[in-house]
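K.L.:
Sequence:
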Amino acid sequence: MRFLKTYGFVIGLLVCLVFSLVVSLYLHPLSYYGIKSVPEILLLLLVGFLAGLLGGLLGLGGGVIMLPALDFWLGYSSPAAIGTALFAVIFTVISGAYGHYIRGNTSRQISRDISISGVVGILVGSYIFTLLLGEIKLLNLCMGIFFLLPAYLMTRDGIKRQNESHLNGEHETIIAKYHIQRRTWLLGLGFVVGLLTGTLGLGGGFLLVPGITYGLGLSVHLAVGSTMLSVIPITIAGSLVKLAQGLVVLPAVFCLAIGTVTGAQLGAALIKYFQAWALKLVFGIYFLYVAIKYISAFWG
Numbered sequence: 001m002r003f004l005k006t007y008g009f010v011i012g013l014l015v016c017l018v019f020s021l022v023v024s025l026y027l028h029p030l031s032y033y034g035i036k037s038v039p040e041i042l043l044l045l046l047v048g049f050l051a052g053l054l055g056g057l058l059g060l061g062g063g064v065i066m067l068p069a070l071d072f073w074l075g076y077s078s079p080a081a082i083g084t085a086l087f088a089v090i091f092t093v094i095s096g097a098y099g100h101y102i103r104g105n106t107s108r109q110i111s112r113d114i115s116i117s118g119v120v121g122i123l124v125g126s127y128i129f130t131l132l133l134g135e136i137k138l139l140n141l142c143m144g145i146f147f148l149l150p151a152y153l154m155t156r157d158g159i160k161r162q163n164e165s166h167l168n169g170e171h172e173t174i175i176a177k178y179h180i181q182r183r184t185w186l187l188g189l190g191f192v193v194g195l196l197t198g199t200l201g202l203g204g205g206f207l208l209v210p211g212i213t214y215g216l217g218l219s220v221h222l223a224v225g226s227t228m229l230s231v232i233p234i235t236i237a238g239s240l241v242k243l244a245q246g247l248v249v250l251p252a253v254f255c256l257a258i259g260t261v262t263g264a265q266l267g268a269a270l271i272k273y274f275q276a277w278a279l280k281l282v283f284g285i286y287f288l289y290v291a292i293k294y295i296s297a298f299w300g
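If you count the sequence shown from 1, position 35 lands on 35 in the numbering used here, and the numbers rise without skipping.
Simulated from the structure, these hints should not be mistaken for lab results. Predicted model only: the values in this text are computed from it and were never measured. Note that the Cβ used here is the ideal one computed from N, Cα and C, for glycine as well. Treat the hints with care, as some may be off.
[Stated by the list, open to error] Per label pair, the in silico range of CB-to-CB distance: (1) 109 x 274: 28 to 34 Å; (2) 138 x 8: 43 to 49 Å; (3) 9 x 177: 37 to 43 Å; (4) 299 x 133: 18 to 24 Å; (5) 46 x 272: 23 to 29 Å; (6) 219 x 135: 39 to 45 Å; (7) 103 x 31: 41 to 47 Å; (8) 26 x 159: 46 to 52 Å; (9) 136 x 178: 34 to 40 Å.
[Unchecked claim] No more than 27 Å apart at the CA atoms, straight line, and that leaves these computed lysine-lysine pairs for DSSO-like: (10) 137 x 36; (11) 160 x 177; (12) 272 x 160; (13) 272 x 5; (14) 293 x 137; (15) 272 x 36.
Construct the entire structure; sequences and hints are all you get.
P.N.:
Structure representation (structure tokens):
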């Protein structure tokens, strides 16, 4: 019974995703979706699995890993990579949020405030995205600049070897330092994340987690759980816009989601065996590489 309580929802979600993938491939051939071959399906599953595994270890939705993989190594256009990666993140955060919810690692008040302003932000961001569709090089530049942020945050945290005790109130919070109202901080944080998600297709977990921990002085576990819960309506709203624009490759979404949901469970189980600072340092360097690659595409 304990196993079903913990993993029953995840198993049900995986069954639905596999069924959806089979139906989509039954209705149309691979070429209809722009998928070149069966090995590409396997690569999508692998990319999703790695994104979920690393996301589970670092508290990410996986979009920051899936997006450059689709864009650089699987040959998707930047708009299609953005739409497809964002849609796949929905299933990752639903699975992750459920796991944190049953363990009591979520705050509905925090998630509600972030979600409300996040949905508004994602609608504004989606409008900006439509303006950038005809300017792919400019879109690449924006994405490159955006990836500099997680590169900086993760590299900094990795070098400092920050641990959870450092984040659990042993420092002055942002809202206390600058005399900001708690709800004002959350609403502003949600809007910024929604704006960036709508424009660039990333879930924003790597912004929300430090925003909650440093801003409010809460534990990492509560920050990650509340982030997962708050990102659900934000990513759903953004994904529906991208789907309406024809920028989502559904079989690719299902493959990525199967991988991320599976990988996230393994990541959650293995997290105690890894040093978070080392993972952050490695991926900070990786995101710096991604940022440089996007920026160089603008000049190339």
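K.L.:
Please go over all the hints and tell whether each is borne out by the structure.
P.N.:
Tested hints:
Here the CB-CB span from residue 109 to residue 274 is close to 31 Å, well matched to the stated 28 to 34 Å. Taking 43 to 49 Å as the suggested C-beta distance range, the pair residue 138 and residue 8 conforms, at roughly 46 Å. Taking 37 to 43 Å as the suggested C-beta distance range, the pair residue 9 and residue 177 conforms, at roughly 39 Å. Residue 299 and residue 133 have their C-beta atoms about 20 Å apart, which keeps the hinted 18 to 24 Å range intact.
A hinted range of 23 to 29 Å for the beta carbons of residue 46 and residue 272 is consistent with their spacing of about 24 Å. Between residue 219 and residue 135 the CB atoms are about 42 Å apart, so this pair conforms to the stated range of 39 to 45 Å. The given range of 41 to 47 Å is respected by residue 103 and residue 31, whose C-beta atoms sit roughly 44 Å from each other. Distance hint check for residue 26 and residue 159: the Cβ-Cβ separation is about 50 Å, which falls inside the suggested range of 46 to 52 Å.
Between residue 136 and residue 178 the beta carbons are some 38 Å apart, a value that agrees with the proposed interval 34 to 40 Å. Proximity of residue 137 to residue 36 is assessed by CA-CA distance (about 25 Å); at most 27 Å being required, the pair is judged to hold. For the suggested pair residue 160 and residue 177, the alpha carbons sit about 21 Å apart, so the restraint of at most 27 Å is met. For a cut-off of 27 Å, the pair hint linking residue 272 to residue 160 stands: about 19 Å separates their Cα positions.
Taking the CA atoms of residue 272 and residue 5, the gap is about 22 Å. The hint holds against a cut of 27 Å. Taking the CA atoms of residue 293 and residue 137, the gap is near 12 Å; set against the 27 Å cutoff, the hint holds. In summary, the hint linking residue 272 to residue 36 is not supported, as the alpha carbons are separated by about 39 Å, beyond the 27 Å threshold.
In summary, the structure is inconsistent with hint 15 from the numbered list given earlier, while agreeing with all the others.
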